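Please build the complete structure, drawing on both the sequences and the hints.
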Amino acid sequence: AQSVTQLDSQVPVFEEAPVELRCNYSSSVSVYLFWYVQYPNQGLQLLLKYLSGSTLVKGINGFEAEFNKSQTSFHLRKPSVHISDTAEYFCAVSETANDMRFGAGTRLTVKP
Amino acid sequence: DTEVTQTPKHLVMGMTNKKSLKCEQHMGHRAMYWYKQKAKKPPELMFVYSYEKLSINESVPSRFSPECPNSSLLNLHLHALQPEDSALYLCASSRPRGGPGNEQFFGPGTRLTVL
Chain A
7 AQSVTQLDSQ VPVFEEAPVE LRCNYSSSVS VYLFWYVQYP NQGLQLLLKY LSGSTLVKGI
67 NGFEAEFNKS QTSFHLRKPS VHISDTAEYF CAVSETANDM RFGAGTRLTV KP
Chain B
11 DTEVTQTPKH LVMGMTNKKS LKCEQHMGHR AMYWYKQKAK KPPELMFVYS YEKLSINESV
71 PSRFSPECPN SSLLNLHLHA LQPEDSALYL CASSRPRGGP GNEQFFGPGT RLTVL
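Those protein sequences? They're chains A and B, same order as listed.
7 is the number of the first residue of the first sequence in the working numbering; add one for each residue after it.
11 is the number of the first residue of the second sequence in the working numbering; add one for each residue after it.
Some clues are possibly wrong.
Cut-off 16 Å, straight-line C-alpha distance, at most; resulting in silico cross-link-like pairs (EDC-like, lysine to aspartate or glutamate) [unchecked claim]:
#1 B:Lys-51 - B:Glu-94
#2 B:Lys-50 - A:Asp-14
#3 A:Lys-75 - A:Asp-14
#4 B:Lys-48 - B:Glu-94
#5 B:Lys-48 - A:Glu-94
#6 B:Lys-50 - B:Glu-94
#7 A:Lys-117 - A:Glu-22
#8 A:Lys-55 - B:Glu-113
#9 A:Lys-64 - A:Glu-26
#10 B:Lys-50 - A:Glu-94
#11 A:Lys-55 - A:Glu-70
#12 B:Lys-28 - B:Glu-68
#13 B:Lys-46 - A:Asp-105
#14 B:Lys-32 - B:Glu-13
#15 B:Lys-51 - A:Glu-70
#16 B:Lys-51 - A:Glu-94
#17 B:Lys-29 - B:Glu-77
Quick partial rundown of chain A residues pointing at chain B, CB under 10 Å, derived from the structure [claimed, not checked]:
#18 Leu-13
#19 Asp-14
#20 Ser-15
#21 Tyr-38
#22 Phe-40
#23 Asn-47
#24 Gln-48
#25 Gly-49
#26 Gln-51
#27 Asp-105
#28 Met-106
#29 Arg-107
#30 Phe-108
#31 Arg-113
#32 Lys-117
Derived by calculation from the structure, the hints in this document are not laboratory data.
These figures come from a predicted structure and were not determined experimentally.
Backbone N, C-alpha and C define an ideal beta-carbon position, used for all residues, glycine too.
Written as structure tokens, this is what we have:
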């Protein structure tokens, strides 16, 4: 069965600094990987997804992620963060239709 | 319209009450989901409907009863809940076909408090 591990529960960073949020997955078959963001008291919004093809995926709000099959990783990066990026970030994996499993989440806090 | 709406935004209920949560989407999606999210935790899948039929029930207690009256609506009926059921309940929708890479669109959630 598929699963994801988010290696950091909290990531504090200063404004305009780069950030990387780490995600490792476990699966016995081909997987589809997602990053979602959740702002306080809101639902989840898709940042980006990897289905196939290029291993570097670009998403909204300047985020990108790289799929690394040998390392079973799908880390999320942004070269320069803003205060407004403060939120909870979830990595998710899907093997079969309609079955998505989320990681525990990483709380990104951007400080001025 | 790329929005999933949920009502009410907040709900406070006693353990003997009966209430319902409502979810609506007009994107033509034929898969709809209920998730439960406790504070500082990821969403946990509860139910999946595909083409208005229940396809996944993650061993959810019977005090939660889902209903999909048509392709745009999803309800979650609540009865005899416990305080530990207090959480954010999220609804989502997606296209059911085309492989497992379908993005799920989430609503803003209903914040439920059981007294």
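Going straight from one Cα to the other, do B:Lys-28 and B:Glu-68 come out at no more than 16 Å? violated, 22 Å
Quickly compare the C-alpha distance for A:Lys-117 and A:Glu-22 to 16 Å and report which way the hint goes. holds, 9 Å
CA of A:Lys-64 to CA of A:Glu-26, is that 16 Å or under? holds, 14 Å
B:Lys-48 and B:Glu-94 were given as a pair; does the straight-line alpha-carbon distance stay at or below 16 Å? holds, 9 Å
Does the interface hint hold: is A:Tyr-38 within less than 10 Å of chain B, judged Cβ to Cβ? This interface hint holds because 4 Å falls under the 10 Å limit.
Are B:Lys-50 and B:Glu-94 close enough, with their CA atoms no more than 16 Å apart? With Cα atoms ~15 Å apart, B:Lys-50 and B:Glu-94 stay inside 16 Å; holds.
Interface hint status, A:Asp-14 versus chain B (Cβ within 10 Å): violated, 14 Å
Between B:Lys-50 and A:Glu-94, does the CA-CA distance stay at or below 16 Å? Judged against 16 Å, a Cα distance of about 9 Å means the pair holds.
Hint check: is the beta carbon of A:Asn-47 less than 10 Å from a beta carbon of chain B? Cβ of A:Asn-47 sits 7 Å from chain B, so the hint holds.
For the pair supplied as a hint, B:Lys-32 and B:Glu-13, is the alpha-carbon distance within the 16 Å limit? holds, 14 Å
With the threshold set at 16 Å, check whether the alpha-carbon distance from B:Lys-48 to A:Glu-94 stays at or below it. With Cα atoms ~13 Å apart, B:Lys-48 and A:Glu-94 stay inside 16 Å; holds.
Holds or violated: is there a CB of chain B closer than 10 Å to the CB of A:Gln-51? Since chain B brings a Cβ to about 7 Å from A:Gln-51, closer than 10 Å, the hint holds.
In summary, the structure is inconsistent with hints 3, 12, 15, 18, 19 and 32 from the numbered list given earlier, while agreeing with the others.
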